[in-house]
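Just need the whole structure built from these sequences, with the hints factored in.
Protein chains: 2
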Amino acid sequence: MTKSKSDNVVWHHATVTRERREKLNGHRSVILWFTGLSGAGKSSLAHAVEEHLYQSGCRTFVFDGDNVRHGLCADLGFSPEDRVENIRRVGEMAKLFLEAGVIALTAFISPFGADRARVRSLVPHGEFLEIFCDCPLEVCEERDVKGLYKRARAGEIKDFTGISSPYEIPRDPELVVHTGALSLEESVTEVIKFLRGRGVIG
Amino acid sequence: MTKSKSDNVVWHHATVTRERREKLNGHRSVILWFTGLSGAGKSSLAHAVEEHLYQSGCRTFVFDGDNVRHGLCADLGFSPEDRVENIRRVGEMAKLFLEAGVIALTAFISPFGADRARVRSLVPHGEFLEIFCDCPLEVCEERDVKGLYKRARAGEIKDFTGISSPYEIPRDPELVVHTGALSLEESVTEVIKFLRGRGVIG
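Chains as they are written, first to last, in the working numbering: chain L, 1 to 202; chain E, 1 to 202.
No lab work stands behind these hints, which were simulated from the structure alone. Hints should not be assumed to be uniformly reliable.
Claimed, not checked - Cross-link-like lysine-lysine pairs, in silico, DSS-like; alpha carbons within 25 angstroms at most:
# : chain 1 : residue 1 : chain 2 : residue 2
1 : E       : K95       : E       : K193
2 : L       : K95       : L       : K23
3 : L       : K23       : E       : K23
4 : E       : K95       : L       : K95
5 : E       : K193      : E       : K23
6 : L       : K158      : L       : K146
Stated by the list, open to error - Stretch-level coverage of chain L by chain E, calculated; a stretch enters the list once three of its residues show a Cβ under 8 angstroms from a Cβ in chain E:
# : stretch
7 : 49-55
8 : 97-110
Note that the coordinates shown come from a computational prediction; the quantities given were computed from them, not determined experimentally. All C-beta atoms in this analysis are idealised placements derived from N, C-alpha and C, irrespective of residue type, glycine included.
Structure representation (structure tokens):
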């Protein structure tokens, strides 16, 4: 836990609360935390779920390694400490979107259980929904959309998850989607069904 | 400018674009950057503007020193470098809300022109709207809602803007609100009129 260094800071109470935003939006806000290997389809699934939700009139936003690492976390690299800080910031940011009444979808490898648990602990129970994109390493490596596995095998990228750095499989995720076996459309259907079951959307 | 350390990162293209979000929301998204001395009424004004916008059905979110410094920037203090990093992160975060179709209101002293200019440069022309809450130091110090001026004068807080650290008055803000002279209601009216004039809201 990071202790706040801001002793001179007190909380302001806004009149536009999360509850009022959710009422305006017509759905609950949650964090959908997609986790899995590089190439498991986290980002594609998050964006496809977002498209479905948009068409249902929901307010959403997808964070992925791509948009966040060029901005908020542009000062961070891929060292163990920097990865921890990256996930911490993403968690805090997703929390703000949660307060803004938005369904925040995050698509990060987030290989370490402790980092995911830390984000979970930031928000009330039931509002951090961990979705494990379960895809075998062989399948991810065969796809190798960005050519990263090849480079990792060649030793050009160090600490590459699944090759030279561990991926800790979620012990008790709210949802497992077998992205290696299902089509994108089928995976989206799974997530939407799950969100309905949880009462996030109508 | 911070150079990205993430060489292995490529941009994903989402199908739910900012334009589509703005269409769904029925208003444009912008960053309303409130700046001014401690006690100038930035946070109160931002929250009151938000209430007005909410009642008009707009999607908004207010960032202030209070909610951000307990979360995303909990690792930062008030040293010159930490203040720069604080404003950088707030800017990057506001940019993500902008992309999410939300009217992002930020209420930070943000005393340095260079920091404000850096945030301005992050987003397209016309989407960073600097609102100078112009309130004389004497008035702020007399109000002293949080008792901070008293403590700053007593030397208990170092680098306190207006007392022991400079506030650089905005040279060319999009709007000046004389929060020392106007009532909160009058100030809100000024901002709303300004947003209509800019075509942000209908």
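Hint by hint, here is what the structure shows:
In summary, the hint linking K95 (chain E) to K193 (chain E) is supported, as the alpha carbons are separated by about 23 angstroms, within the 25 angstroms threshold. Note on K95 (chain L) and K23 (chain L): the hinted pairing holds, with a Cα-Cα distance of about 18 angstroms set against a maximum of 25 angstroms. At most 25 angstroms may separate the alpha-carbon atoms for a hinted pair to count; K23 (chain L) and K23 (chain E) meet this at roughly 19 angstroms. For the proposed pair K95 (chain E) and K95 (chain L), the alpha carbon gap of about 16 angstroms is at most 25 angstroms, so the pair holds.
Between the alpha carbons of K193 (chain E) and K23 (chain E) the distance comes to roughly 21 angstroms, so the proposed pair stays at or under 25 angstroms and holds. This hinted pair checks out: K158 (chain L) and K146 (chain L) have alpha carbons roughly 16 angstroms apart, not beyond 25 angstroms. Only residues whose beta carbon comes within less than 8 angstroms of a beta carbon in chain E count, and the stretch 49-55 of chain L has 3; three or more means the coverage holds. With 5 residues bearing a CB less than 8 angstroms from a CB of chain E, the stretch 97-110 of chain L meets the requirement of three and the coverage assertion stands.
Of the numbered hints given earlier, the model fails none.
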